[in-house]
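Q: Chains A and B are the protein sequences, given in the same order. Under the working numbering, think of the first position of the first sequence as 1, with each following residue one higher. Under the working numbering, think of the first position of the second sequence as 1, with each following residue one higher.
Keep in mind the hints are simulated off the structure, nothing from the lab. Be a bit skeptical, because a hint or two may be false.
Unchecked claim - Coverage of chain A stretches by chain B, computed from C-beta distances (three or more under 8 Å per stretch; other residues unrestricted):
id, stretch
1, 80–92
2, 181–187
3, 212–219
4, 267–278
5, 281–293
Bear in mind that the values here come from a model prediction, so they are computed numbers and not experimental data. C-beta: ideal position from N, C-alpha, C; glycine also.
In case you want the letters, here they are:
There are 2 protein chains.
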Amino acid sequence: MGQMTIKDVARRAGVSFQTVSLVLNHPEKVARTTRETIEAAMRDLEFVPSLAARSLRKKPSRSIACVFAVGARPGDADGLVQRADEGLLLQAFATVTDQHGYTLIHRRWCRDDPDGLSRITGLVSEARVDGIVVFADQRDDPLIGLLQAKRFPFVVFGLDMPGAHCAVRAERDAIYEAVRYLARTGSRSICFFKGERDGRRTPTVAERFRGYREALAEAGLPLRDDLVVPCDWTSESGHRATLRLLDRPDRPDAILAADDRVAFGVLKALHDRGVRVPGAIRVVGFDNCVQSAFTIPSLTSIEGPTLEMVRFAFATLVEVVEGTRGPDDLAQRQFPTRLVVRDSTGSTGRAQL
Amino acid sequence: MGQMTIKDVARRAGVSFQTVSLVLNHPEKVARTTRETIEAAMRDLEFVPSLAARSLRKKPSRSIACVFAVGARPGDADGLVQRADEGLLLQAFATVTDQHGYTLIHRRWCRDDPDGLSRITGLVSEARVDGIVVFADQRDDPLIGLLQAKRFPFVVFGLDMPGAHCAVRAERDAIYEAVRYLARTGSRSICFFKGERDGRRTPTVAERFRGYREALAEAGLPLRDDLVVPCDWTSESGHRATLRLLDRPDRPDAILAADDRVAFGVLKALHDRGVRVPGAIRVVGFDNCVQSAFTIPSLTSIEGPTLEMVRFAFATLVEVVEGTRGPDDLAQRQFPTRLVVRDSTGSTGRAQL
């Protein structure tokens, strides 16, 4: 039997939603017989009051937190760990929460900060936020585990997470479509830059790799280990990996960069070595960030519907907080992406324009 | 006589800081004679209890809000107004506030949103935040006026604001140094892209223009109206303005772009028209964003100490909130910038490398 909500208890006991809430909050205010009926229904349904239900009893804060997992602890030295997508996502969440009269709290979470977890869960237990949107790379992220164990209202953004509400891009389809496009327009040795953080591959990248493998197979192209290249999510990494690639005797004719920032480093390295784009090597990014139309040559990229995903994640979190969506009714949506073709894959040979 | 703090009142009345706070909060708990002495001191000093002082009486929220003025209301259609610097600044503030056990709230403020102001000031009046960091372009921003009138604790970031605590870059010196460098290394017709938002020039850009004018005069170069070009803060705008510039018979030999994103559009337009950088035209950006080392050619830019400014703004706001810094003791610091020279101004003629 799955997790029950207080709505299930109310239905079972034949009372209103509010009466169940009152029993949880102020049992002394409820007539004894009614209370006993409700308590029996709770036992029958193996109901455990969750924080989602508790938030119905407390005054809601009308605040949510966006918590970003960042690889390493920032600020040891004078550094600042930048996450490429964090700024855009925060701007989108601030816009959407404000439209709905909600306040947005921004937190970063570093695995190597011993107090990091308790500071974040403190936000919920002190009722400073009603729920959390988690931006994590790995399914074993301790924050997700803790939120699940404590039954905090949360939604995962950008990571396909079994058993949790989540909003994800169709990563497999995105890369499948890009590889199919490259193969159909003449590429034969397509290099896959697989992004890693802290040296680990992520479920998101595993999905992308599946799209790469399946599209190659469909196109009758071999899956070559030497064309699968690790990198992190920076331009530096894209630049370095590309220079190494160019030192090999057997150069690829296309590169799928892990994201647009990595692609900027790829384009730079190819330019530094005098390799024509798209004439000799074609390049595809991921994210379609605002600068991509202005690289030299302009960058073909993959665009996800960020604002639509943000709206879905926020709406889902509000449903969880308000108790109208229980853990048996998972909201897990995959959002399709779109390939935006520009000059870096132009197949006409007009090259650098 | 300037604004008095409760510390001034305490000194005048010869009592402790805490006793004044108690009179403001729970006058019934203070002996009548003591209370009357303190009330007399308040009258003598024309003391008005401010929210800063109130926050000493209330349980502090240990939260601050970063509020960004965005030009137009986002989300009418399906759009999202992006501010180039917002992501980096939020990441820096999240890091610094977290290090100090503070919670960061992120808000955007649009002039054409009728409820925008009250939603932001509601954060303070409901004691959800102790103070606000304001990111605004114009000194007449209604948010700043309201915060001043209500004596809310706030610090302005990035705008030199008379009468308010603020953290600013030395914008005049930054451009002065860049123009002097260009003039000394051979540029004679240096174009100044003056950034505007909503068609208005900002005090920040006025400061930059002063640096431009003074450096030209020092170098014996004329100030030419035709070399002062309006643009907004996007790559599109930089691209468009540069194409128009190239249609003129009398081309400049250097361009100071309003920021790096504008410079990306400038580089793209020059490349599209086959103009060599730095051989024919040299280009300088502003902000030194992470992509600038990977443009083609790599971009000379101006770097401000963002994290240092964020730390200063946060520390100042905490002082204001805690009542240890009053309005007579303004914290206004200008932070020096640094010119990062790369290939887009390389004077050796190695050109595109």
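Q: Does each hint fit the structure? Answer for all of them.
A: Structure-based check of each hint:
1. 80–92: Our answer is that it holds, as 10 residues pass the Cβ test (under 8 Å) against chain B, meeting three.
2. 181–187: Our answer is that it is violated, as 0 residues pass the Cβ test (under 8 Å) against chain B, missing three.
3. 212–219: violated (count 0)
4. 267–278: holds (count 4)
5. 281–293: holds (count 3)
Checked against the numbered hints listed earlier, the structure breaks hints 2, 3; every other hint is satisfied.
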